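Please build the complete structure, drawing on both the sequences and the hints.
If you want the building blocks of each chain, they are given just below.
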Amino acid sequence: MNPVPEDFDALLKLMALKRHEQPPPGYFDRLPNRIMSRIECGEGEPSFWEKFQGQFIFRPAFAVGFAMAALSALTVSVFYSVRTQPLGFAQAPKNGWRSAAPEEAMTAGYNLSQPLHVASWIGNESASNPAPSLPSLFAPGAQYRPLPVSFASPP
Amino acid sequence: MISAFPLWKAIFHTKAELTKSTALPRADRQEAVELEDVEDLVLVRGAQNEDMRAYDTLVRRYQQRIYATVYHMTSNHEDANDLTQETFIKAYRVLKSFKGDSSFYTWIYRIAVNKTINFLKQRKNRTQMSLNDVDFNAENDPDLVALVSERTPRRDLNLSELQEKLNGALLKLSEHHRMVVTLHDIQGLSHEEIGKIMDCNVGTVRSRLFYARQQLQAHLSDYLK
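Chains D and E are the protein sequences, given in the same order. Note that my numbering gives residue 6 to position 6 of the first sequence, counting from 1, and the numbers run on in steps of one. Note that my numbering gives residue 85 to position 85 of the second sequence, counting from 1, and the numbers run on in steps of one.
Just so you know, these hints were derived from the structure itself, not from any lab. Remember, it's a predicted structure, so these values are computed and weren't measured experimentally. Any given hint could be a false lead.
[Unchecked claim] When the alpha-carbon atoms are kept at most 25 Å apart in a straight line, the in silico DSS-like pairs for lysine-lysine are as follows: (1) Lys124(E) to Lys165(E); (2) Lys172(E) to Lys13(D); (3) Lys13(D) to Lys90(E); (4) Lys90(E) to Lys121(E); (5) Lys172(E) to Lys90(E); (6) Lys165(E) to Lys90(E).
Here it is, written out as structure tokens:
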């Protein structure tokens, strides 16, 4: 049941009261001067974004040109990204990974059958053949040198 | 040989070039009275060509309606004053984008409506009424006199109190419902005009208006018996 009647006559008569609400006398004589003063003081200058939008609305040719330039830039960037090799995808050394190993590693007789960045003891659960003990990274006097890193499988 | 120049000129012409033919002559702002009968579109073309006198005439022509809309939405004179000024300043800034597809009247109303709704959403429920005085004619309005002295249960209720209750009830409506009631029941705009201003169809305007009136009637039921 709807307790509110749908006859809005009384409400509309009451709403007429709103039309009698008026600002202080002389307000509308002063308001245009304030607005025009603010515009002349520089507030009427369109922002960069408003100018940009205005160009699009007013000159469809500009909008089409901008869209074509953006499309061209996208096409060129996609084309070059396909041609360029991804960063970090280094070639394997010509003489195998052993040639890229440091002298100390060679003299210590480490198994360099796989790239140095792959730890040889990973997955080694054999108690009789423990993983070789490597010198600590933080050991005093330890000298390491960087090696090229590759995610490519060795040849 | 057919030259391509006219085509380029047609595509890349500037607004100033377009409006040069309709530009208004320079004159003091005091002479704006002469422009009272000039059509909106001619004044807009003049204002687009940086004729301040033309824009001043447009401001004078629409200031009362824009102010009234914003005031009835906010129930606050200071807010209405600020928003009205900002509406006309914003309209001047983006005037170059006005192509004349709709009337200037609809276009500037749309700016005012969007600005007001954004303002009210930012302010949320922190409403503070600052009501304008009711003019002398209200006391002679037979409908209002009847409402106050006969139909209202509280016979000692005066117009100021009734005004406060009415504004309080309006502020309880959502922004969109209040806007429809303001534009239709107070400002007297048609459903179609409101649809264009609020960017919605006539059916939506009608349903919002019906719902808003129902809500108002429920809020003001003590004063409408």
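A quick look at each hint next to the structure:
no., hint, result
1, Lys124(E) to Lys165(E), "holds (20 Å)"
2, Lys172(E) to Lys13(D), "holds (19 Å)"
3, Lys13(D) to Lys90(E), "violated (35 Å)"
4, Lys90(E) to Lys121(E), "holds (19 Å)"
5, Lys172(E) to Lys90(E), "violated (29 Å)"
6, Lys165(E) to Lys90(E), "violated (33 Å)"
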